[in-house]
Structures are given as C-alpha cells and as structure tokens.
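Residue numbers (the working numbering), protein chains in the order written: chain L, 28 to 383; chain Y, 28 to 383; chain B, 28 to 383; chain W, 28 to 383.
Hints in this document: simulated from the structure, not taken from any laboratory.
Just so we're clear, the structure is a prediction, and the values are computed from it rather than from any experiment.
There are no misleading hints in this set.
No copy is singled out in the list; a pair is fine if it fits within one copy or between any two copies.
In the DSBU-like style, the derived pairs of lysine-lysine whose C-alpha atoms are separated by at most 30 Å in a straight line are:
1) Lys170 <-> Lys48
2) Lys281 <-> Lys192
3) Lys174 <-> Lys91
4) Lys87 <-> Lys214
5) Lys115 <-> Lys91
6) Lys192 <-> Lys225
7) Lys48 <-> Lys70
8) Lys345 <-> Lys281
9) Lys102 <-> Lys91
10) Lys48 <-> Lys174
11) Lys295 <-> Lys347
4 protein chains.
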Amino acid sequence: MSGNVFGKSFQIITFGESHGKAVGVVIDGVQAGLRIGEDDIQKELDRRRPGQSAVTTPRKEEDKVEILSGVFEGKTTGAPIAMLVWNKGMDSSKYEKIKDLFRPGQADFTYFKKFGFRDYRGGGRASGRETIARVAGGAVAKKILAKKGISVVGYSTEIGGIKAKKFDEQEIERNSVRCADKQAAAKMEKAILAAKAKGDSVGGIVEIVARNVPAGLGEPVFGKLGAEIAKALMSIGAVKGVEIGAGFAAARMKGSECNDAMRSSGGKVAFKSNNAGGILGGISTGQEIVARIAVKPTPSISIPQKTVDIHGKNSAIKIKGMHDPCICPRVVPVAEAMVALVLADALLTQQARGKY
Amino acid sequence: MSGNVFGKSFQIITFGESHGKAVGVVIDGVQAGLRIGEDDIQKELDRRRPGQSAVTTPRKEEDKVEILSGVFEGKTTGAPIAMLVWNKGMDSSKYEKIKDLFRPGQADFTYFKKFGFRDYRGGGRASGRETIARVAGGAVAKKILAKKGISVVGYSTEIGGIKAKKFDEQEIERNSVRCADKQAAAKMEKAILAAKAKGDSVGGIVEIVARNVPAGLGEPVFGKLGAEIAKALMSIGAVKGVEIGAGFAAARMKGSECNDAMRSSGGKVAFKSNNAGGILGGISTGQEIVARIAVKPTPSISIPQKTVDIHGKNSAIKIKGMHDPCICPRVVPVAEAMVALVLADALLTQQARGKY
Amino acid sequence: MSGNVFGKSFQIITFGESHGKAVGVVIDGVQAGLRIGEDDIQKELDRRRPGQSAVTTPRKEEDKVEILSGVFEGKTTGAPIAMLVWNKGMDSSKYEKIKDLFRPGQADFTYFKKFGFRDYRGGGRASGRETIARVAGGAVAKKILAKKGISVVGYSTEIGGIKAKKFDEQEIERNSVRCADKQAAAKMEKAILAAKAKGDSVGGIVEIVARNVPAGLGEPVFGKLGAEIAKALMSIGAVKGVEIGAGFAAARMKGSECNDAMRSSGGKVAFKSNNAGGILGGISTGQEIVARIAVKPTPSISIPQKTVDIHGKNSAIKIKGMHDPCICPRVVPVAEAMVALVLADALLTQQARGKY
Amino acid sequence: MSGNVFGKSFQIITFGESHGKAVGVVIDGVQAGLRIGEDDIQKELDRRRPGQSAVTTPRKEEDKVEILSGVFEGKTTGAPIAMLVWNKGMDSSKYEKIKDLFRPGQADFTYFKKFGFRDYRGGGRASGRETIARVAGGAVAKKILAKKGISVVGYSTEIGGIKAKKFDEQEIERNSVRCADKQAAAKMEKAILAAKAKGDSVGGIVEIVARNVPAGLGEPVFGKLGAEIAKALMSIGAVKGVEIGAGFAAARMKGSECNDAMRSSGGKVAFKSNNAGGILGGISTGQEIVARIAVKPTPSISIPQKTVDIHGKNSAIKIKGMHDPCICPRVVPVAEAMVALVLADALLTQQARGKY
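Just chain L, with the same shape it has in the complex (with noise of 0.2 Å):
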C-alpha cells in the first residue's frame, strides 16, 4: 500500500537506498522450474549501469547481482526470489554541502514534507538507483515472457528536439543514446554533449514496444492494460507523460481516420493500422503494444538555480557531481522492464480467470 509493491499475480517488492547498504528486490507469484541464473539478471543490468558512454555519468558502479532465495539448481522453485546488489563504493560527503538545501526538480522538498525528514545522501530511495531493482525484477519477466514468445524492446525516438527518422532495430544497442536511427542517434549524442558543456541537462521520448502478446490479455475497466502500463511507466522519476499507440495525435483525428478497420485474410484476424497500440477496451488486440514516454531532463545541473533550504530560507544551489546530461539512455531499460513486469503480470492473471 505505501508504494514499494508493484504488480499482483507476479509481484514485486523493492528496497534500498541509494547510499544504504545495498538495493533490492523480491519476486512473489513466479511459478516453479523457470531456468534462471545470476547472468540473466546482470545481462539487463549492465544495459542500466552508469559509465556506459560519455553521454551518462562517468560514475562507476559494478551493480552485480546476487540471487538469495527462490531458486535451486538452477531452477525457480516457486518460492519468493530474493536478489541484492550492494552498493559500493558510494561517497556521501559532496551530499554533505548540500544537505539542507531543496534540489529543483528532485524529491527533495516533497519527501522532506511527506516523511519531516530527508535522507540527503543521493536522493536516498527517491533515487535512480532504485531502478535496479525494477530492472532486476524485469529481467524475470523477461524469462517468463520469452517463455511465450512475447518480447519487449525499447529506444529512444527523440533527444534534445531530434527525432528519430528511420527504425533499424540493430542499431539500438550499438549507439551511447538507445536510437533506432544511426544518423540521428549522432545528433542526439552531439545534442547532449553540447548541454553537458553548459551545465545543463535535455529530455526525450522512448518509445517501448512489446511484440506477440496474445490478444484477450489485460483486464476491463480499471485494469486495462493501457492502465497498468501508463502507471508503470509514470512510476519511472523521470517520466512526464505516457502515450499508447496513436496517443495525443488521436485527440486530433476524425473517427473514420482513428479506428482501425479489420481484415480477415488466411483465418486470421489483421487490423489496417495500429492507432490503438495494440489495446482496446483495455484488452490487447494481438498487434503490437506501443507505449511512449516522455522523459524529463535530468534535475541536477551544474547551472546555479534558486531554491529554498530545509528552514524556509531563500538559497542558491549550484550541484556538483557527475550527473547524466540526458538520462533517456538509462531509461531504455528501465521502460522495458517495467512493461515487462505488466505483461508478467497480465499473463499469470490471465491463466486465473480463463474461461469454463
């Protein structure tokens, strides 16, 4: 109920801070005899490490997994999956300077007035680090969607104002910025940089899709799969919006131009165009599930800003570190593991209220 669970028939619970000792998860609902191991897991974790490219925080975090429970000789066991990455290396002492003063943008201010209190330390659990955990989550998802061909992949379509003109799907893994478009993933990077040099930050879009879902998954009324995913996603700090298929440029067509008109050819059922992203009624349709976000330039800049102090008084913050000048890249992984645990979830859901 306070925040930290995330799904219902494939659950998950996480903890940590980004200065504690160590962040976590555990997975609740995954059945028995899945095949997974420590590399599964760090394989999606390496993808969400800092110190990727020179367009994320040179940072150094070795984020290595540790599988604690749940699984035995190689197989789950249906008991709950614990895993840990302890945090290491971490310096608390740049916090220290900044300790009673409100970072624009960040948790700060808020938590302080939720909790009357602030874990200055990094953000504490209102920091990104806490995505390990999720992306570790995610990556069991993964396994168990896979086990029905279903996979998710994610990319980044616009950074800095520069939009993705061309979709080559080997390319994603091969830029620093996570773009489907090598021409343009080049711009993107040149976009980020040139923020760097100023102290300052950009946003942008990526884009997550999620390729042979069956059609009949999701639930009606409040948890319809559009549902689940927008409020995975607006889970994710940074995010700002969420979009399925068409999205806002729906709000500017007519209905003969939105709905997708449905064709049966071999036996099968084929939709025209995909305004819908895959979901209507809250149920998939069997076409692709397409999900857009929106990301927020990173808050911490080195660019002095105004702000307030933990006693009310007017101050100026000037944040020092080694910050993403664009976090889009970092998101990739995040968005689809967090798409992914909806899906799990969906999935075993599904199997519980099938049909007599």
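Since chain L is already given, all that's left is putting chains Y, B and W on it; use the hints.
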C-alpha cells in the same frame, strides 16, 4: 484483481452492463460521519448524463441514483456505501443486427478473445455507461476532499483541432463543450456538428486541475501520485495519453528551463513555475496538480467501416443510433471523478502513514 | 482494506445493514461461461433463512435474491456479479427503546467506540443479516467447485453439551439442528427449547468437510489453506474457535500418533489417518479437509443483563423480540459458504501459479 | 497473492529457504522517525533461536540479523526495511539420503504436488527457519505497538498433557518451556525429555495476550480482529487450532454465562468477565486480547514411520538429526510476532479510517 476494483484505502468496485438491469458501485473505506445524500451524487451524474446538448447523444437516460447502504440519518456510518442506477428503456434491438460484427475501435473483438463470448447489447460491460459508477464514487470522493478544502475541476482545452486560448472558469459549465474559453467553445461546437453531419466524430484534450492539495501527498516508487493518476485516467475507455504538468513538452526542454525554481516568502515555499504539475518524486508539492488526457474520437460512427465477424469473415459495418460525435464534454466529469478517487485514496493512505 | 472484501482471485464485497434498504454482494473474478441462475442462489439462502423451525427465530424474512449483473443468457460473462436481497418489513421500533444501551455480547459497544456512532436498528452492519451476502457469494463458489467435483458440507456435531455420535449424511437436512445423528438431533432440539423457555440460549460446534479437493491446493507461509479457512470461519460473528483435523486434540498427542502414515496402493498415495485434516504445510493433501468451529450461545437473550449506556451510565437490559435460541443450524450454510469461498479463491489462484 | 506477504497497511514479505543463502524480510508501511536498531531485532531472534536448552534442538544457529535499508541515523525513514539473516553452516548431506522420501506430517508431499518439485534440504521454504523473518518483522511491529503502550506476551499453558495452574509472568522466560507456572514447567520439561528419549515428540498449547489495546480496533465483517489473528496464528506450521477468549468452551455455555456484563465506574466501562477475549463483533473491547493455539507434536521423530517415495513406492523413514522434541517454547516468540503484526496493521489501518 480482475479490474473492477479501484483504490486501496478508499476503494470502489463497480458492476453492471449497458443493457443489464442496473449499473452500480460499492464504496469501501469512507469514514463515519460524512454528511452525504443522493442529491450530492445526482448533481455529478447529471453532468455526465447523455442528452445535455446538441453535441452529445440525444439518447434519453434519466440515471437516477439510489443509495442502498452505508448512510444513516444523512451521514455515512463507516459501512460500505452501495449505489444503484437502474437501466431504463434500453433498446437492445438495434444491436441484434450487428451482434456478430466487431465494431472497429471498440472492445468487441478483444472481449470476445478474452471471454470467448460477447454481450453485444450496447457494449455490455465495456460500455461508457459503466462510468456512471465512477462518477457516483467520485462524488463521494469529492465530498471527502472538500472537507480538506481540495477541489477538482476539468475542462476541454482542445476539440477537433481547435485549442482554447483563454481561461475563464465560470465559462466551463455554460457551454456545451465544457471549455473555459467562450470563443473557442463556439468553434469547437461547430467542428463537432460538422463531423456529426458527415457521420463522423472528433477527439480532443481535457485538462484536470486539483487545487489545495497539501504538499506531501502520494507514495514513493510505484505508488507515485502521477502514476496513480495516469492509471486512473488511462482506464477511461477513450483515453490514449496522459501527461502531468509540462508533460510531453518537458521532453524538449533543458534542465535549466524545466526545473521549477523555489522561493520562500512569508514563511511559505513558492515555486516560480509549475512544469512539475504539482508532483515531484511522486509526492505533491502543494502547487496545483495538473493533468491532461488525449481523448480519441468516438469510434461509433455511421460512415461504413471494414470489419470482420465472429466467424472470421470479412464484412462491413455502418453503426446506426445516437452516439456522441465528441465525447470530451462528457469525459470531463468522469476524469474529475477519477482524479478525485486517486486523491481521496492518497489522503486516507497518508493518514495511516504519518510520522512518529 | 476495511474488512468488507474477502478473497483475492475470487473476490467478494458485501454491503448492507440489517434495517437498511437491502443487503448485497458483488462477486469479482468469476470466469465467463458458468451456468448460473437465481435458483442456485435462492436454494442456499433458503437454508440460512429465519423461521425454518421451532429452534430458529420465528421472524418472517423472505430473502429473495435478485441478480443485477454479470449473467447473460443464463451464463456468467466474466463481469462482476451483483446480487441484492431487499430488506422487507423490518420493524425498527423495538430497537428505539434500547438505542442508547449496549447489548452485552454484541458489537454495540465496540462499533460505537470505532465509528463514534451507532446504527442501533437490529445491529446495523454487525447484524447476522450480513451473512445473506456471504451465502449468496458462497453459492457461486460452490458452483465453481462443483465443476471440479469438489463439495462442501456442514453439520452440527455438538449443541448445548450434547454430542453427535453417529454420522448419517442423509439425516443432516432432515432435522431442525442440521445434525447427522438423528437421536442426538432430537436431544439437541430439546436442549435448545429448554434454554429458550428460560429466555436463555445455547452454543455448539459445527463441522465442515470439503471433499475431492485435489492435492496441491493452497499457498505456502501466510497463505496456508488452514490459515485462510481459519480467517474465513472466525469472521462469522458467533465463532470463537477454529480447528483443523485433530485440532486441539493434537496438542495432547505424541508425534508418532499424530503423523498420518502414508501408503501407496494402485499408484495412489493414501493416508492411514487424517489428523492433518487434509492440510500439510498449508497445502491440501487430497484427503477430506475437515474444520470445526466453536459457536457461542446467541447473545440476544431475554434474561435481564447488566450493561451501560452510551453516556456511560449503568443500566440493565432485557432483550425482547424473536431471536435464535441457538444459531448453529443457521451457521451451517454460512460456514459452508465461507469454506467454499476460500477453496474457489485458492483454485483460481492456483491456476495462475502452475509450473513451467 | 502467493502467500509470502502478510498485512495491508503494515506489510511484510518474507523470503528464503532453510538451506539457501539467507532468510529475510522486507517490511513496508513503517512510518518515519521510529527509533530502531539491530539489537531490537536480535533480542527477539535470540528467543526463537535453536539450542537454548535441553528441550530444544541442539543445532547451533547464530542467526545474526543485518538491517539493509529503511533506517538512517538510527531511525526509520518511511522506506521499506529489509533485514537479512545469513544461513551459516547448513549441512544438507543428511537430507541427501531421504531426498526421495516424503516425511509424514511435513509439507514434503504437498509441496511436491503443488510445485512438481522438491527442495529436500531441511524442508526448503516450508522449514521452520522461515519464522526468523516473522520474528524480525514482529520485532518492528512490537516497537510500533510499544509507542501506544501495547504489549504482547506469550507462554505455554499445556505441554504433553500437563497444564499450567498458576500464572507468574516473571517465570516465563526463566524456564526452558516458557511456562508461567514454575512447578508445571518442571513437569513439562520432564515430559518432553521422556518423549525425546523414545525418539518421539509432544505437543501443547500456547496462549498469547495483548494488553492495552484500545477499544475500537479492528475491522467489521471479514476483517475482524479475531479473524486476522486466527489467520496469523494458523499460518504457523505446527498450529492446528486457534481460539479467542472462552473459545471452544463457549460452545458449552449458556448465553447468560457467556455474555460479559458491563459496568461503568469512574467514567470507564469495565467488563465483569472476558469470555469475548477482548473482541466483540471483530472490534477490540479494550480488555486483554486473549488467543490460544494448539501446537501439534513435532513431526520429525526418529521412530520409524511408514511412508511413500516420490515415485509412489512404499517405504519407511527414520528421521535422524537434531529436532525439537517439543516446539512450544520456540513457537512462543513466533506467535507473539504474528499477533504483534496483526495489531500493528490494524493500528495503521485504523489511522486511515477515523471519523469526521
């Protein structure tokens, strides 16, 4: 778990199909002693009701609410509040002819895939009529919020490509499209009627603002206020996108533009802008909470459309009957209800999660 | 969260007060395609209804059920099933006189403390009338279980100190106390009538048996089948104890006596005894599940009792009206319903949690 | 949903297997500002630890707790509290020989049926070692309760057929069986050692009392305090029965005996007896809450037993190793923890559900 329940501390479950006996809601979690009557609910239902103007469906539905439990001597007792609206004068005959055809842009195909079966009468459970229950639940939530001075107001900011340019709150309930700009409202109405004349429909954008929400509301990580609002709003049938504060525009900002600077004056913290939309790190800042939704054009249009039937054969469909050429005006009270439900839930959850 | 919801995959929420407009239940999680009608529900309600015999209250309550949603053409649709029983001919006048007095052994005092308020009319929400909703929900659960060959049967094994000594299942519904031993039943009836003549009441023990439950049902740790059954049964107003299998007798056994030896014959595992009551480690063994509950004597007695009023003044109370001198016979269908609800929930949860 | 989560407002999830890397717990819902340290937890774990006396298993398990998150500068932060106990020096070799045999009275057979698989090492997830996590969670719950002056204490009232006759609370932690009657304790110890000498085991009864619980705690209908306590206690592996207040004895009382008369004195309401065990209508009365549990004799005995193996063949088993000949003394802290968890959850839920 199966999608018909919303909320945790303040919880509603809705039931009922478009052409069944009744639609209703049970609200659990309302504290004892809240003064409430059927008129409080009816007032909101009347805003959602069809037949209000030329731009909504001319169907006549009285939608009178009846409170069955949980209220004694004009006050809540702490027991669940059940409310019913009987379905009267439903005419299922026009649906008989298209009972084997999947209407494009509707839940017909996906419900059939999920449940192996179809309640063809007016959309069954997937009908917009289900939102009666949401509005009734939201009316109680609004009463709870009002006790804390919190209000929720919604309005159309764009319809059929026409954008509102002014904001006069008094104007909203005076025009047929619930727009706060009188001139724009007139143009929007015209655009809707033009589409209607061609048997087509238009979409739009609705904004919802919550005022006087105290700083510190919401939960960390997955339970972020923005995440809950996104889920709530995306669970409305016609909604394809949700954004908070600057939303998708934030993706094109620099960090130095997007961060809302903070200043203290007279012992109070004020923000210089509200790109955050009143939420930082998932917790309310004390500013206005601002959300916007993309509403797709009504899928029920009388222009002929290509589709398939339940046997997998190609066919065409021409939907007759009295449908809303633009659903935005009637989405407004539903969206307000959803935001009110989220805030009432957060408020009660908060009470359980204070500090020592 | 506030106590009116039961179950997870198969979930019910009940509403309504003793002297309100109606009592009802909404069931969520029923799969599509289950054949069900009002007669399936009514049959069970008739077993719970007052006025069945000399040993129950002579109050006349028709308790006719009405299905409002979730059933179309005689089959469930997968949507929530709402059911209502209207309260008819309730006479609140006799409660007027005692509206400021706390009836001993009832929830009057504690509800007043919790809600700061009291619905004095017939116990309000704490009334046994609320169990109508449980029995209605249980009737649907029984239909689901029947599809898997599972049945649930309950009966009185002890009333007013008289113990049943034989077990003839045919006998149960033939006598007024729902006892499987004809001779004991006659004595039990006599004991009840003797207490009634003195304005007093008696308690007893009810046993519930579930048959054909497959081995492997239930969840580990906190979700043990025995734990869920204990909660379900202890949530019945008059129940003060629950035991599974050997129950409290197990506390006096040696390990060598208590352990149920296992033998294999014809490829099937058989247990030599059933001290476990069909549950080991919280998971079903495939044997009969056997639970017993201690039912306290009805607190509403006409013998004068010492009490206090809502202003804290000492007083005495003499409860008039038509109360059950022993509630056991009417607890039987309620207890069956609760066990059926637990098993249906476990069954659906199980489907989501198979193995790879 | 899969059984490893307990509670709602105050929620714990436990993980870990007997012979895995670690057992642990994550607690969600603890408010910020509660002073807590590893010593608070360790104190309770030391009461549960094996090897405390001649009547418990002589296994050496240090069981040192480590807090990983949610505590900063000695106080809770409102973030989830994760705690670990590493499994050290586990010897799985003795389980190798019996890895294909189902131990009678244990979860071996049922887990195999449920998960299609068996972690034979010391019972895996079904091991009593899992209760370390419960006791750790309960220790935090006790701290929360202590802030409200509420305490929870448990003790053995019967072991091997020997009943306690006196109550001297000081005595409880002084003897090996945690009995409040010194003379009875000596006899109980003797009975246990006698059974042990024969390779057998004995059961008993443990009582748990909660003091200073304010009137008005708990939820109506399904969420009754007694129902939650029953579930909590019946979820302990060895427990086969639960009773509240007079419990099964109430079944043999008259209404005039069982009802607790109420008197007012000095502005306070007092009850003349406590047959209700501190709970009426599911809500606390303000009296002591009294629960009793039936603890079955330890199933692991060295006397040979008939059983079958995983291939369905008849066999016999003689369980070697160091098992508790009576588990009651070590169940005491676990049962206290479970009651503390229920009360802390009810307390936080209550805060969200006050009155206007």
